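So the sequence lines, in the order shown, correspond to chains A and B. Each residue of the first sequence is one higher than the last, beginning at 1 in this note's numbering. Each residue of the second sequence is one higher than the last, beginning at 1 in this note's numbering.
Take these hints with a grain of salt, some might be off.
[Said to hold, decoys possible] Below, in silico cross-link-like pairs of lysine to aspartate or glutamate (DMTMM-like), each with a Cα-Cα straight-line distance of 25 angstroms or less:
hint	chain 1	residue 1	chain 2	residue 2
1	A	75	A	59
2	A	84	B	492
3	A	84	B	542
4	A	84	B	495
5	B	431	A	114
6	B	520	A	114
7	B	431	A	91
8	A	84	B	570
9	A	84	B	475
10	B	520	A	107
11	A	14	B	469
12	A	84	B	427
13	B	430	B	492
14	B	266	B	233
15	B	430	A	89
16	A	14	B	542
17	B	430	A	91
18	A	94	B	440
19	B	431	A	8
20	A	84	B	544
21	A	84	B	432
22	A	94	B	542
23	B	373	B	406
24	A	94	B	544
25	A	94	B	394
26	A	84	B	487
27	A	94	B	432
28	A	84	B	425
29	A	84	B	490
30	B	373	B	394
31	B	431	A	59
32	A	14	B	475
33	B	430	B	490
34	A	116	A	27
35	B	559	A	107
36	A	94	B	490
37	B	430	A	59
38	B	431	A	9
39	A	94	A	36
Simulated from the structure, these hints should not be mistaken for laboratory data. Since the structure is predicted, the reported quantities are computational estimates derived from the model, not experimental observations.
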Amino acid sequence: MKILIIDDEADIRKIARLSLVRVGGLEVVEAGSGAEGVRTAEAERPDAILLDVMMPGIDGPATLALLRAGESTSKIPVLFLTAKAMSAEIDRLKALGAVAVLTKPFDPMTLPAEVKAALERPR
Amino acid sequence: MADTPQAPADEAARLEALARYQILEAPEQDFDDLARMAAHVCGTPIALVSLLDAERERFKSRVGWDVTEAPRAISFCSHAIQGRELFVVKDAAADPRFAQNPLVLGPPGIRFYAGAQLLTPEGHAIGTLSVIDRAPRELSAHQNEVLVALARQLIHVMELRRRLHELRESNSERTGVQRALKETEERYRDLFEGASDLIQAVSPDGRFLYTNRAWRDTLGYSAADVGALRFFDVIHPQHRGEAADVMQWVLEGGDVDTAQLVLVSKDGRRIVAEGSLSCKRVDGQPVATRAILRDVTERRRTEERLRVSEARTRSILDNMLGGLITLDGAGTLESINPAGERIFGYRPEELVGQHLGVLLPDLPGQDKAAFLKNEFPKALGRVTEWQGRRKNGEAFPFELSMFEFDTEAGRHFAGNVRDVSERHEVERLKKEFVSTVSHELRTPLTSIRGSLSLLASGILGELPSEAQEAVSIADRNALRLIGLINDILDLERFESGRIEMNMGDVELQDVLQRSVEAVKGVAGQQGIALEIRNPGARAWADADRLVQVVVNLLGNAIKFSKAGQSVTLEAEQKPPFVEVRVIDRGRGIPPALREAVFERFKQVETSDSRDKGGTGLGLAICKVIVERHGGEIGVLSEEGRGSTFFFRVPEAAARGGQARAS
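Required output: the full structure, derived from the provided sequences and hints.
Spelled out as structure tokens, the structure:
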């Protein structure tokens with residue numbers, strides 16, 4: 001299973017990569033911005049995308065909209081990663097069409113399981 | 001018919017002169033003697049002293065004929081007074097003027113008549129001295145002479161009597177005046193003596209000629225003391241110069257209506273007196289300065305206190321940062337302090353007299369006065385937020401709290417006005433800041449915690465045991481830091497009211513079970529048993545928030561219990577509340593700290609946060625959450641025996657009833 005991580009923070013991408021690869025045994029590609037993320041998604045066709053909400057330039061929700069608009073990317077499940085843990089924020093993000101909203105800081109030991117569980121949930 | 005002569009030319013003056021003698025009514029012994037002498041000298045049986053008034057001839061003295069008066073029409077006297085010579089009728093029966101006169105035909109049967117005029121010093125004939133005989137005859141020249149002389153004597157006596165009488169009158173008048181004068185003086189003395197004003201008269205050399213009782217009482221001197229006193233003895237030493245000036249002015253002829261003299265009493269009290277001064281003069285020389293003064297010490301003191309108090313109030317009003325407005329009952333601005341004017345952007349006094357509505361923005365489709373009438377009472381006794389309008393048209397939020405007060409002029413309102421636009425801006429920034437901090441802190445923490453977690457897991461390779469230990473410490477503390485950040489953010493959001501409460505009818509059983517579920521792992525690890533006692537209470541609450549509170553309390557209870565002890569979780573309906581209790585059998589809380597535990601970063605022992613974990617914010621968050629529900633939280637504890645944390649939130653039934661009622 002191939003996961004695309006879109007986050008402007010390289011350290012976060014690195015931790016998430018280590019977690020998903022080493023703990024979850026998943027394949028990972030990375031992108032450092034929304035625009036790059038959309039291009040990578042088109043090129044790599046990941047099975048799921050971990051998308052940071054707050055990014056400079058094209059932020060998480062805007063990236064999601066671009067992905068949904070792209071023919072090859074519209075069906076890829078997206079999981080938001082947010083530092084805002086408020087329930088109202090989580091509800092808002094879910095309403096945009098994300099399959100799950102994971103909050104930072106995440107636990108690298110459980111992250112792969114959470115991602116898999118979200119993808120397996122019937123939509 | 002008898003011949004009646006015309007009244008003489010001087011009749012009016014004659015009658016006036018007659019009245020002056022005022023003897024018409026009283027018989028006079030002296031006149032009788034003179035009448036008798038006349039009859040004797042003339043050898044007539046009858047002699048009369050007659051006074052002739054407008055209607056009658058009155059016989060003041062009669063010899064030989066006992067009548068008191070006769071009508072003027074038939075009187076011989078009225079003829080006699082026409083001339084100034086002795087009037088003689090030798091034989092009345094033969095005289096055509098008297099032949100038919102009843103006094104001739106009847107008693108006394110006059111045949112001879114001789115009358116000498118009674119002439120006043122001014123020459124008016126007021127009557128006659130006459131001698132009468134019942135037979136015709138004549139008088140000798142000597143007899144004539146004597147009769148005229150007696151008439152002169154008679155008028156002389158009358159004149160003396162008149163003067164005597166006048167003298168007596170004037171004498172009695174004089175004593176009357178003296179008595180009246182005395183009474184008046186006593187009255188004035190009484191007035192002065194009893195007056196509440198201080199009255200004094202001082203001689204030019206400074207002796208007191210007079211002082212009244214109020215003066216002596218006020219200054220504390222007896223009447224005996226006053227004799228030795230000099231004017232400047234009663235003037236306060238610091239005010240002698242001005243008193244001297246006033247006295248000089250008065251002595252030189254000026255009157256003073258409102259002088260102020262600062263006096264000093266016998267026992268040294270300072271007395272401020274105010275009043276008028278004038279100078280009495282005799283032959284142009286001053287003999288006394290008179291003063292009527294009033295003790296205004298107390299009034300001055302009151303005025304001074306009032307002035308100080310007013311100045312202080314004014315100073316407070318002028319310098320306070322909050323706006324203060326007063327309105328009359330109709331909403332017209334009566335006053336506004338400088339801060340109020342600044343808030344609304346007006347110049348001093350521009351607003352007084354305007355309606356309060358001028359401070360509010362226009363309301364589309366609404367009458368401002370009607371709006372105010374409805375909304376205004378809501379500000380009475382509490383703080384309310386309004387949209388205001390500054391003079392330049394800018395809208396801004398302000399807080400208003402009003403109170404009513406009554407004066408003689410009727411009902412008024414006063415309002416505290418506070419511009420909260422800055423506070424609103426600060427709140428907005430704070431919200432942004434919290435959100436930013438939330439993100440900015442979590443992002444690096446995600447990396448730290450993720451790295452440590454991966455290291456500790458060994459998935460990136462086994463670490464030497466000491467390294468493993470160090471990584472574990474770092475990981476545990478990173479976790480604590482994350483918890484702390486979460487708690488701070490939570491607390492801030494609750495306190496600012498930015499967390500929406502999702503209120504509903506909550507089964508306490510669900511809340512208790514979810515809470516136990518959350519902590520039972522930890523409890524199990526520490527060998528602590530958890531029990532729930534709940535007869536089925538239901539609250540009106542946000543279920544997730546209640547779970548947050550109960551988990552927190554359970555977490556604490558577990559932390560402070562020893563292996564083998566149990567923690568009890570109870571819920572009980574206590575209308576109109578539901579009470580939840582978390583009971584442990586741990587070390588308990590010292591009484592002094594039972595209130596403090598709900599404050600931020602207050603743990604029972606400073607070592608607790610290190611040993612027991614926790615952020616020191618858990619109970620503060622619980623308190624905020626319970627209070628947001630309209631409930632309360634507290635703790636009962638016995639040291640060494642354990643603690644019972646309890647909180648109360650409204651029961652579902654109470655809230656449901658309220659909802660139905662509204």
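The hints, checked one at a time:
1. A:75 x A:59: holds (19 angstroms)
2. A:84 x B:492: Holds - the C-alpha atoms of residue 492 of chain B and residue 84 of chain A are around 14 angstroms apart, at most 25 angstroms.
3. A:84 x B:542: holds (21 angstroms)
4. A:84 x B:495: holds (18 angstroms)
5. B:431 x A:114: violated (30 angstroms)
6. B:520 x A:114: holds (22 angstroms)
7. B:431 x A:91: holds (19 angstroms)
8. A:84 x B:570: violated (34 angstroms)
9. A:84 x B:475: holds (22 angstroms)
10. B:520 x A:107: holds (21 angstroms)
11. A:14 x B:469: Measuring from Cα to Cα gives roughly 24 angstroms; hence the hint holds.
12. A:84 x B:427: Distance of about 19 angstroms is within 25 angstroms: holds.
13. B:430 x B:492: holds (10 angstroms)
14. B:266 x B:233: holds (9 angstroms)
15. B:430 x A:89: Measuring from Cα to Cα gives roughly 18 angstroms; hence the hint holds.
16. A:14 x B:542: violated (39 angstroms)
17. B:430 x A:91: holds (23 angstroms)
18. A:94 x B:440: Between residue 94 of chain A and residue 440 of chain B the Cα gap is close to 22 angstroms, so the pair holds against 25 angstroms.
19. B:431 x A:8: Holds - the C-alpha atoms of residue 8 of chain A and residue 431 of chain B are around 24 angstroms apart, at most 25 angstroms.
20. A:84 x B:544: holds (18 angstroms)
21. A:84 x B:432: With a Cα-Cα distance of about 12 angstroms, the restraint between residue 84 of chain A and residue 432 of chain B holds, given a limit of 25 angstroms.
22. A:94 x B:542: holds (22 angstroms)
23. B:373 x B:406: holds (19 angstroms)
24. A:94 x B:544: Answer holds: residue 94 of chain A to residue 544 of chain B is near 19 angstroms, not above 25 angstroms.
25. A:94 x B:394: violated (40 angstroms)
26. A:84 x B:487: holds (13 angstroms)
27. A:94 x B:432: Satisfied, since the Cα-Cα distance of roughly 22 angstroms is no more than 25 angstroms.
28. A:84 x B:425: holds (22 angstroms)
29. A:84 x B:490: Status holds; Cα separation ~11 angstroms.
30. B:373 x B:394: Holds. Residue 373 of chain B to residue 394 of chain B sits at ~23 angstroms (cutoff 25 angstroms).
31. B:431 x A:59: holds (20 angstroms)
32. A:14 x B:475: holds (18 angstroms)
33. B:430 x B:490: Satisfied, since the Cα-Cα distance of roughly 14 angstroms is no more than 25 angstroms.
34. A:116 x A:27: Given pair residue 116 of chain A, residue 27 of chain A holds - Cα atoms ~13 angstroms apart, limit 25 angstroms.
35. B:559 x A:107: Holds, at roughly 24 angstroms.
36. A:94 x B:490: holds (22 angstroms)
37. B:430 x A:59: Holds. Residue 430 of chain B to residue 59 of chain A sits at ~23 angstroms (cutoff 25 angstroms).
38. B:431 x A:9: holds (24 angstroms)
39. A:94 x A:36: The given pair, whose Cα atoms are some 23 angstroms apart, holds under the 25 angstroms limit.
The structure fails hints 5, 8, 16 and 25 (numbered hints given earlier, in ascending order).
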